[in-house]
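Can you make the complete structure from the sequences, with help from the hints?
Quick note: the sequence shown uses my numbering, first residue 555, plus one each step.
Read the hints as simulated data drawn from the structure, not as lab findings.
Beta carbons: idealized from backbone N, C-alpha and C, even for Gly.
Hints should not be assumed to be uniformly reliable.
As the list claims (entries may be wrong) - Each pair of labels, with its calculated beta carbon distance range:
(1) I855 with T748: 29 to 35 Å
(2) T858 with K1002: 44 to 50 Å
(3) R801 with R736: 23 to 29 Å
(4) E860 with T745: 31 to 37 Å
(5) R889 with R844: 46 to 52 Å
(6) L940 with L658: 52 to 58 Å
(7) P657 with L940: 42 to 48 Å
(8) G682 with A931: 26 to 32 Å
(9) N992 with E857: 41 to 47 Å
(10) R889 with L961: 44 to 50 Å
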Amino acid sequence: MRKVPAPGEPLDLIDLKFLPAWVKEDWSVARHARFEGEEEQAHWPREGTDRRPRPPRHRRDGEKNRRRRDRGERDDRKLLERKDRKRSRDFFPVPRQASTPPPLPQLDVHFLPQAAAFENVAAQIKTGAAAYSVYALARLFLQKPERYHVRIKTKDATPLFRLGESNAISTNRFTLENSAFRLLREKFYTTNVTLHDPIKGDFNSVARERTTGTLLGPTNHHGYQPQLRRLYEQRFSRRLSFTDFQRQIEIVSDPALVEQWKEEARKVITFTTQQEEPPQTFNAETEAERHFREKYLPALISETAEAEIDGVTSRKLQDRGIARLIENAWSAEVRSPSNMMQELAGRFRGAGLQIFRHRKGMLFVSPIRLKAIDETAVSDSVRQILETLRASPRINRKKLAEKLIGLDTEVAEAEKTKLALASDLHWMIREGHVVEFNDGSLDLPRAKPPKKEAGEVAAEQGAATPTATTETAPATTVATAEESVAAAAAAVTGDSNDASSVIPSRAANASPVPTEGSRDETSDGTSSEVLSPIIPSRANTASPARTEGHSRASEMRLICCEVPRIRSG
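Right, dumping it as structure tokens:
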């Protein structure tokens, strides 16, 4: 409660003022008399605790200033690192993470020799007598894109679009439409270039694309942005984003490049139609492309199941999926050109050349047909050549002459022997008795396996026939004879009007059980008849009494003996 003053005590007007409470307190009394200070007060720990004295919380001014200075330096370093990181990102773009490549289209790719290149090679082979490896020729055609064509076939319902009669193909119609005007512009439009007045203005720098060196103009020029967008759409849109493309633009302060850009900017290109009357003229490329899309493009793109393009175009396709597929197929074909070898072998045969196997079954092509030679009907010099080549295959002419001509032979005799050797060797190569390869090596033709005679083949087939078939043969023959007797008796008694049933036919004497493989091909490709094991043939028995005619006569005598018995019965 507030203390009420006595009647004679003067009033203190401080109570009527709105002042803080601490102003109104009585400060005459010592309020902190019981406190003697922290230095003399003992610090006793509480019960159950073991506290250690804490360090003083106050900081010195020097230490405080030093920490503030260190913090400022760290902030400055962070700012510099951030600027350096941004600058390095501008000049050296951070590589993006490799994304999963899209799947390749389902297409069959085959490589074919180019017609003109093949005719040239075939003509060169015909003019000489050397044999060439088909494997080496296949790789020779695959070395350069001008020497081969690419045939592409669809499978698994994969669409394939083609642009008119050109070699432009794609599995995406939209991709083909975007590149159609650039590919067929010269066919439908005439391009005219005119020069306008020089560009006025003071330009100190010009923008340039780093990889191609294309000048885009100063950044403050009105044609810079359209030129930048046009270059991106034409050359970089398939593999870069527009932001990454902008990082490749550099500003060059070179007066020579500025003047070069001014001369290029003076050129104005106009497009005039070629297939319209009257012709139309367009002052901008975008207008001409819009007219091309509306007038010609719908009739040019068609869907096909097979397309054949030249090798040069196959490496410049706009469809990246087909281009990568052709590249992978080409790499596999170069390692093992089996498809190209088959194509070349078929075309060489059609051109009249000979295809043969030699050296572990490898294919070779030659204008000469190879054939073996009868060594008993040749001269001694030819026989010596054959023996030398058989003992030392794949030697050249020089080594062959060294082996046949001794070192102690006189000069005149050696020259005479060389001429005879060259004459004999030339005759043997032209006749196909000796093979001369394109590297100069000589060798004999590949020996063929000996041909088997017809008797040996029949003996092998007879040995392979099961024994059970041979054992059932007599029973079958007896049954056939009994059927013939019954038929003859029926004819005599009048039960049958068919006279042909009395005389057994050739088919009745044959075995009723046909033998599989009655004709067999021998190793030389000729067919030999394998006789049936049921009816012995003259080739398999020494007695001529078991021939077919003799068997028929025996059956006729048996029938005649049986007829009187039937009548008497």
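Status of the hints after comparison with the structure:
1. I855 with T748: 29 to 35 Å: 33 Å, holds
2. T858 with K1002: 44 to 50 Å: 47 Å, holds
3. R801 with R736: 23 to 29 Å: 26 Å, holds
4. E860 with T745: 31 to 37 Å: Given range 31 to 37 Å: holds, Cβ gap about 34 Å.
5. R889 with R844: 46 to 52 Å: At roughly 47 Å between Cβ atoms, R844 and R889 fall inside 46 to 52 Å, so the hint holds.
6. L940 with L658: 52 to 58 Å: 55 Å, holds
7. P657 with L940: 42 to 48 Å: 60 Å, violated
8. G682 with A931: 26 to 32 Å: Cβ of G682 to Cβ of A931: about 28 Å, so the range 26 to 32 Å holds.
9. N992 with E857: 41 to 47 Å: 45 Å, holds
10. R889 with L961: 44 to 50 Å: Given a distance of about 47 Å, which is inside 44 to 50 Å, the answer is holds.
This entry does not satisfy hint 7, going by the numbered hints stated previously; all others are met.
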